[in-house]
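J.: Here is how the chains run, residue by residue.
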Amino acid sequence: MMESIGTDAKAIEVLLVEDSPGDVRLTREALKTAKVLINLYVASDGTEAMAFLKREGGHTNAPRPDLILLDLNLPKKDGREVLGEIKESPALKSIPVVILTTSASEADILKSYLLHANCYITKPVDLKGFLNVVKSIDNFWLSVVRLPHEPR
Amino acid sequence: MASRQNTGVREAAENHLAQTESERQLVEEALRGCEERYRMLLDGIQGYAIFMMDPRGQIVSWNAGAERIKGYSAEEIIGHNFSCFFPPEDIERGAPQEVLRITAANGRHEERGMRVRKDGSRFLASVNITALRDAAGNLRGFSEFSHDLSESKESGAKYQGLLEAAPDAMVVVNQAGEIVLLNLQAEKQFGYRRDELVGQKVKSIIPEGFAERLIADGTRTAAEALAQQIGTGIELYGRRKDGSDFPIEIMLSPLENSEGILVTAAIRNITERKRSEEHLVKTVAELNRSNDELQQFAYVASHDLQEPLRMVASYTQLLAERYKGRLDSDADEFIAYAVDGSNRMQVLIQDLLAYSRAGTNGKAHRKISSDNALKEALTNLRATIQESGAVVTHDLLPMITTDGTQLAQIFQNLVGNAVKYHGAAAPRVHVSAAKTGGDEWIFSVRDNGLGIDPQYFDRIFVLFQRLHGQTEFKGTGIGLTICKKMLERLGGRIWVESQPGKGSTFHFALPEKDGK
Chain A
76 MMESIGTDAK
86 AIEVLLVEDS
96 PGDVRLTREA
106 LKTAKVLINL
116 YVASDGTEAM
126 AFLKREGGHT
136 NAPRPDLILL
146 DLNLPKKDGR
156 EVLGEIKESP
166 ALKSIPVVIL
176 TTSASEADIL
186 KSYLLHANCY
196 ITKPVDLKGF
206 LNVVKSIDNF
216 WLSVVRLPHE
226 PR
Chain B
3 MASRQNTGVR
13 EAAENHLAQT
23 ESERQLVEEA
33 LRGCEERYRM
43 LLDGIQGYAI
53 FMMDPRGQIV
63 SWNAGAERIK
73 GYSAEEIIGH
83 NFSCFFPPED
93 IERGAPQEVL
103 RITAANGRHE
113 ERGMRVRKDG
123 SRFLASVNIT
133 ALRDAAGNLR
143 GFSEFSHDLS
153 ESKESGAKYQ
163 GLLEAAPDAM
173 VVVNQAGEIV
183 LLNLQAEKQF
193 GYRRDELVGQ
203 KVKSIIPEGF
213 AERLIADGTR
223 TAAEALAQQI
233 GTGIELYGRR
243 KDGSDFPIEI
253 MLSPLENSEG
263 ILVTAAIRNI
273 TERKRSEEHL
283 VKTVAELNRS
293 NDELQQFAYV
303 ASHDLQEPLR
313 MVASYTQLLA
323 ERYKGRLDSD
333 ADEFIAYAVD
343 GSNRMQVLIQ
353 DLLAYSRAGT
363 NGKAHRKISS
373 DNALKEALTN
383 LRATIQESGA
393 VVTHDLLPMI
403 TTDGTQLAQI
413 FQNLVGNAVK
423 YHGAAAPRVH
433 VSAAKTGGDE
443 WIFSVRDNGL
453 GIDPQYFDRI
463 FVLFQRLHGQ
473 TEFKGTGIGL
483 TICKKMLERL
493 GGRIWVESQP
503 GKGSTFHFAL
513 PEKDGK
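Top to bottom, those sequences are chains A and B.
If you read the first sequence in this note's numbering, its first letter stands for residue 76, the second for the next number, and so on.
If you read the second sequence in this note's numbering, its first letter stands for residue 3, the second for the next number, and so on.
Just so you know, these hints were derived from the structure itself, not from any lab.
Only a predicted model underlies this, so the values are computations on that prediction, with no experimental measurement involved.
Quick reminder that beta carbons are idealized off the backbone N, C-alpha and C, glycines included.
Worth double-checking, as some hints may not be accurate.
To be verified - Chain A is faced by these chain B residues, among others (derived, beta-carbon under 7 Å):
#1 312
#2 313
#3 316
#4 319
#5 348
To be verified - Listed next, the in silico DSBU-like pairs over lysine-lysine satisfying Cα-Cα at most 30 Å (straight line):
#6 B:476 / A:107
#7 A:186 / B:365
#8 A:203 / B:422
#9 A:203 / B:365
#10 A:110 / B:422
#11 B:326 / A:210
#12 A:186 / A:168
Okay, chain B solo, but in the shape it has when bound:
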């Protein structure tokens, strides 16, 4: 019986054992499945690096996301300390240990900071670390999950694409003053490779004081910063990798996203613009100096030439008066040419003097009657007008703020010309004025004279350029040139409308400074 009983117990025991074994296998299988499912789950998360560490930070597990983001395979990294993910300068100041200490103390820790990939390149990461404790409360290790912020939706690929399209160097800086993103232009301008700059402090490429301000700007509200910077480019110097500086202009724009405030700095290299600005300033200064010299030269030359010429003219005239008919006929003719030549040269020199003086001793502009200015001109022209039998009429001319003396001279030259260059008919001249839509008066002097071929319209305003010989009309060709110079100095301009045989109309515009 006993043996039968024993047999029964053994059987029962064996059965039980077999059952237990299969249960264990089942449990093991279930556990294996569970672990595999977790593994699959973790590896399925490509966007996050998820790994576990022992209490000292040695890595004990590694997911596919971590491999992708940080560049290390599980075999390579397991057993190594997580401090290798930190930039050297952070390691130096003990940041990795500090992170673990804080996490152990608080249970968990979140931070945003620079991390280094296996290839040495840097990226801004968002990091979450949790301390793992057993039931007794002993620290067993840490779990970390983190992701590359430059891959996130706001500041990721799309943003990078935008930056690359910009013609300026673009650098995105976080609140810690670290460069998070940059474009190709920034690489070119500053002479760095992208991975050399990402994670570096922005002050390594732009001046220190300004870098701080840039960050301070970034921490204010976006609206505030925008209001401050509208249209204000700040001129500074950027520093290339080789240490050389170049002038830049920076526009800042804050970007608030889920990860906080980033500042986008558009950095324009303004070397060329500076150079052309400097060139322009230099050219204008040179031009002014050369203009002044020319003015001075014209005055001195004409003034100093006048003295010896006065001697030549006076004594040839004296010769002509005293010795006419007392020498032979050749002598009379020669003396006559000498007298004529010196007389004409005197007129030219006086005109040149008048031109070099024109508008240089201008008086203060005040409200004057242009009607009075014309009357003054007509008084000076009285003899000429009477001789030619000219009829000069005019509309009522306006009050205008300008130099009345110069305006009278302009009228005198234009009306004088209109009377002088007449055809068979007696000269008829009409002076009128019209207000344009803008803020200027246009004066017109119309005549019934010879008229001018349009091809000469420019030429007639050039110094000593004439359309007629001395035998037809006397003169040096100075009048219109002086008018033009005076008008330019008064802020106006002059032009002509004419057809040969149909008379001419000279128009000139003067600004009405009152705007009324």
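Next comes chain A alone, as it looks inside the complex:
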């Protein structure tokens, strides 16, 4: 599944790698109130995410995301592999990756940081918590921090 919202040229490009349509919709609902314009792209499994990032298959015109929101438990290629490939790729490793997952396991947290995840967030189980988390991601990564320009 591939979709995007908003087409503003100054918009911030965000790739959400998430297999649950419910979570996609919730994320989108939360981002509706974002202060900045966001183009949200969704990849529903790890293979599709890598194709998007490498502009392969039907993604030849895909933009380079400014931020990646990555779930760990994904069909086909799981989030840990996707994270590893991004951080090993000279072209992609400067893109901040936020792990957004249901897993609260210590092992997953440690593994993710060892693979150079930029931060790790466990999805809150209640709606308010979830909306707040997405809002703070939006606030911190898209407003507070300065992101690198795409290397030429």
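Go by the hints and put chain B onto chain A.
T.: Okay, now just chain B, sitting in the frame of chain A:
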């Protein structure tokens, strides 16, 4: 004159003859008496078989003791060869002839060996044989006197009685490895009649290699053997008459008596014990597996249930937020119940997850301050304590070797409960610790709260069991269950003392591993 003389000579001769005849009669009488006295003497000796043989071993005389011990009457046995007293296997290897040869060569021979009675039964005999030679040194025959060792004082009837009283199969073996005595239990266990076993090699009922060892053990000094075997039962297999094996445990005990060393083997059939041991091992393994599966199930179920539930909860909440007042009042009410139900289910699932995880990722035990563990718990409870206006006090708590993180969680649950279940008065909670005589610390969390009816003491530690409705006190009933599980994993235990209206004191014990 001559005739008178002749008459006188004849008379003298007749007189002499008469005298000689009476003397002869006297001598004969004396001899007869003597022989009879000997006969009486020999027959009076009931405890010994005494008989004479010709140089080839044919029996020529037989006393009453021999009749009693061997079972043959004099008429039956005289003229037969003494080899019939030997077991067939000894006859086969020429033992009777060998015994006579040795006796003839040495003058006398002593031995202890198995002998067979007329009825085929065997007994261990002590045998003395003497070669009989005339003045010229020609071998005229042999005399034998022997007795049944099982009748002797040490190993006789009294000993047999002792054996019969034993609950185990008892077998007494001589140095030659032959069974000398056995009890009823031994007959039952091995499936033989007594007379089938007496005189047999012990290796026919217990494994060969061990039989040799048994005998070797027997020939060492009693003290040595005793020192070696204290508390050590040796597990082996016994063989029944029908050839089937069964597990046994043997205790050996040497018995030194005037006839040498005998080894008493107490043989216990441990089939039942083996079976129950195996059953126990199997049951424990099954129990562990089922526990592991349950643990795994609880984790997977709660973890995987959480995902779809999060969707239900999130979207009903979204519905409630976006559409409250925009549908009709029924819709609002229905949505409210859906939101409430999914929220409560989320809490239950999280508690279940917490319970299934409790104590599973325990840290290594090290010496920690239980005072610090309590302080950590109180920090986490700060908001709750302030809200309720509770006063929490504590004694100085000891250093203890345990998992500090879990101890803090236990304190947090107990103090949290003490603050939560309060009556009209503001909660007062006191935490103390005492060293018992043994090697454990007992911690106590005392409150002035509602108290608990003793009939619920067990129930409060069971998963999701509560004494109050959600409207009185919120919660799922997980806290004490988690405490109990953690304490069990830490090698401790938890219990409560309470009266309704008089507050509760929760005690928990933790082992002090240093023993100091």
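J.: When the hints from earlier in the document are held up against this structure, which numbers fail?
T.: 6, 9, 10
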